[in-house]
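Chemist: So the sequences go chain by chain: D and Y. Each residue of the first sequence is one higher than the one before, counting from 1 in the numbering used here. Each residue of the second sequence is one higher than the one before, counting from 1001 in the numbering used here.
Simulated from the structure, these hints should not be mistaken for laboratory data. Among these hints, one or two may not hold up.
[As the list claims (entries may be wrong)] Straight line, CA to CA, 16 Å or less: simulated EDC-like cross-link-like pairs of lysine to aspartate or glutamate:
| # | chain 1 | residue 1 | chain 2 | residue 2 |
| --- | --- | --- | --- | --- |
| 1 | D | LYS28 | D | ASP56 |
| 2 | D | LYS176 | D | ASP122 |
| 3 | D | LYS141 | Y | GLU1182 |
| 4 | D | LYS141 | Y | ASP1216 |
| 5 | D | LYS105 | D | GLU116 |
| 6 | D | LYS176 | Y | ASP1216 |
| 7 | D | LYS71 | D | ASP51 |
| 8 | Y | LYS1130 | Y | GLU1182 |
| 9 | D | LYS78 | D | ASP56 |
| 10 | D | LYS71 | D | ASP20 |
| 11 | D | LYS71 | D | ASP84 |
| 12 | D | LYS141 | D | ASP65 |
| 13 | D | LYS141 | D | ASP157 |
| 14 | D | LYS141 | Y | ASP1186 |
| 15 | D | LYS78 | D | ASP55 |
| 16 | D | LYS141 | Y | ASP1227 |
| 17 | D | LYS141 | Y | ASP1173 |
| 18 | D | LYS105 | D | ASP122 |
Quick caveat, the model's predicted, so the values are computed rather than measured.
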Amino acid sequence: MRNGRGIHYALLGVVSQNPDGVHGYALKRQCERVLGHFWQLNFGEIYRVLDRLADDGLIEQVLADAGSTRKVYRITDKGRRSLDTFILSPPTDGPRPLRTELAVKLLFAGTDRLPEVLRLIDHQRNAYMRQLHLLSSQRRKLERVPVDSFVTNLLIDGAELAVRAELTWLDEVTQKLGERFAGG
Amino acid sequence: MIQLRHVSKVFGSGDTAVHAIDDLSFVCPQGAFWSIVGPSGSGKSTILHLIAGLTSPTSGRVLVGGDDVATMSPAEAAALRRRRIGYVLQAFNLLPFLTAAENVGMPLVLDGVRQSEVDERVREALETVKMSHRAGHHPSHLSGGEQQRIAIARALVIRPAILLADEPTGNLDRAGGRAVMELIRDVNERIRVTVLLVTHDPVFAAYADRVIRIVDGRLQQDMALPDEPSDDDVSALG
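Pulled out of the complex, with its shape left as it was, chain Y reads as follows (with noise of 0.2 Å):
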């Protein structure tokens, strides 16, 4: 479960302060799968950033299984994305001297797991991400897509609670994007990893059972998508 309550976050002070998020509240349940949308700037990279204790919040508490991101010291942040926290960016960031394999047990090689047990995850990870075929190759014989699976791998390696994707498909062509979609939909269904997803794209914000729009820092909107149409839903085409 993910807590902001109350949160605010100000960069700068004076007369350039910048209110990046402005008294944010909600309440994330353990499994969930939420977007959220909003304009540029609109401080939706910033709530990711404040979840995995990159930064701190100026007011308010953070709240990741229970345990108050804000008042951990830097060593427990790092601890908590070592091992609670995937977290995925537009850009892939795989070595490109290592194989995908390589680069997948690296979280786990960098925690100091044993090689063996570093092995069956890494196999665990591809299979999830359905690119045990590509194990051997290097970054650069991968397509956009195929990079970003294995990114995606790397981040579930470590068998987090949470899955944190910002712009995950920004790097990508529309059908990479929608297979990097189907995939982050298909992990959070099946390990229930809770996934907070940034995008600026709705049809794949829409994967996501729940969709936040912030704007100026704020939450806008909160828009539930159930699985059924309902009576008042619009039809796309005639």
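Here chain D stands alone, though its shape is the one from the complex (with noise of 0.2 Å):
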């Protein structure tokens, strides 16, 4: 899925969990508390999505009540069709892309240049454990919020173990090229 599709989705399902509307700074609010980690978000990017959602007659901006000056957001009739059509149409990301950056270095780099690869691999394992230790803080801070987080953790089980076989990777890369070019 493209981020930005997969952004326009997410903030349209967000919305669509406020029968009576939203306004834009509790939208936030919850978008960081479902999206977490996956998305972050600043207001300027929420408040684009937003406005395209409304060109495209997705999302309406309403009174909150009647009398009310306060504007909030609420899903269109057209806005939950959509949304029904996205959530029943099978997923359009592929597996794990093979070309990653690292995958060519790793091809080109050749072995003259060992010692710098296997600090490039440092670096992206180091990258690897701090996405981990974000998502088990968010999952500590979903512990804390009185909403049911159940799908939101099944997410956060998927990202941890798709990093856990990054990881395994990359131990197994360096393992491999330090016994064949290392004499080790």
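If you follow the hints, you should be able to join the two separate chains into one complex; please do so.
Modeler: In structure tokens, the structure reads:
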């Protein structure tokens, strides 16, 4: 799934969970809770997506209640149909790409730059460990909020397993490069 | 504080000598939570054994709160483990004929602490691991995860400055393992016990504030794990 499309429907989904409409600030808080570390969003990005959703007629801005001047976002019938269609159609994202940047570096680095390559792998490992740490903090934060986070926890499980697989691969690459080229 | 200064540990001698730890140095501050990762046989568990005085370094110094473990007599090292270091292993090692509470109190009973204080501290330790409701159960009536929580309470009952955990999730399913890791993280934050965790699972290693990777007995990589994302963090999902 392309990131743009994903965030488009993620925000539409969050808006849809508020049948009476939701204010921009509350929406951002809900996004943080539901989407958490999967998407780091600032107000600018959220409002850009909301404007786009409104232009497409998928959400509308209405007064919070009679006599109020406060405007809230609410999903339209068209938006609900669009979300339903999206939810029930097969995901378009493929498996993990084999053509990662690190793969290309490995292919062309050559054996004389082994120490530098190993440092790149260490850098990548560090980034993945930080990601796992953030996922574990995210899980802990979810424990403290009084909403059902069952599905979000499933998503965190998936992210953890994916990162763990990457780390296993990095360890294997490190070990095999070492055995083959460093005489170890 | 735990300090290793140029520590080496060689098992055997001559042609068959194995360098389990090779000139390793680090300073782990009081209250820190570190994970030690690395391939099998890289020396991870040996580091914990050295800190607990279960084995002596071939050279170098191992300082626990300023005291050199390497120069301690066996009796002093035993006192260190009985009063200042809690140890948790993959095997829960609970005595089957004792209740959870009696298992937790065992280190204090062996140390000659009077019963009223044993009772008080057992209650506190069971509360810390959220197992008060299981105090009277025997280990065979507890799940693996619950047994490990009792083993952690037994390690904490001495109010240690340091908790050493060697693959504490190794015998547990993912949910049980995660609960144990949440608990370890929680006691580190709440009672500021220094935690050194050995694990082969990166997901669990990442609960720590810092991860050190040991390869062939040497410090290969030192990774600080901040609580806030930074710009160069990869995104796990699109």
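Chemist: It remains to establish, for every hint, whether it holds in the given structure.
Modeler: Evaluation of the provided hints:
no.: 1; hint: LYS28/D / ASP56/D; in the structure: violated, 21 Å
no.: 2; hint: LYS176/D / ASP122/D; in the structure: holds, 15 Å
no.: 3; hint: LYS141/D / GLU1182/Y; in the structure: holds, 12 Å
no.: 4; hint: LYS141/D / ASP1216/Y; in the structure: violated, 37 Å
no.: 5; hint: LYS105/D / GLU116/D; in the structure: holds, 11 Å
no.: 6; hint: LYS176/D / ASP1216/Y; in the structure: holds, 15 Å
no.: 7; hint: LYS71/D / ASP51/D; in the structure: holds, 14 Å
no.: 8; hint: LYS1130/Y / GLU1182/Y; in the structure: holds, 12 Å
no.: 9; hint: LYS78/D / ASP56/D; in the structure: holds, 9 Å
no.: 10; hint: LYS71/D / ASP20/D; in the structure: holds, 11 Å
no.: 11; hint: LYS71/D / ASP84/D; in the structure: violated, 25 Å
no.: 12; hint: LYS141/D / ASP65/D; in the structure: violated, 32 Å
no.: 13; hint: LYS141/D / ASP157/D; in the structure: holds, 15 Å
no.: 14; hint: LYS141/D / ASP1186/Y; in the structure: holds, 13 Å
no.: 15; hint: LYS78/D / ASP55/D; in the structure: holds, 12 Å
no.: 16; hint: LYS141/D / ASP1227/Y; in the structure: holds, 12 Å
no.: 17; hint: LYS141/D / ASP1173/Y; in the structure: violated, 22 Å
no.: 18; hint: LYS105/D / ASP122/D; in the structure: holds, 14 Å
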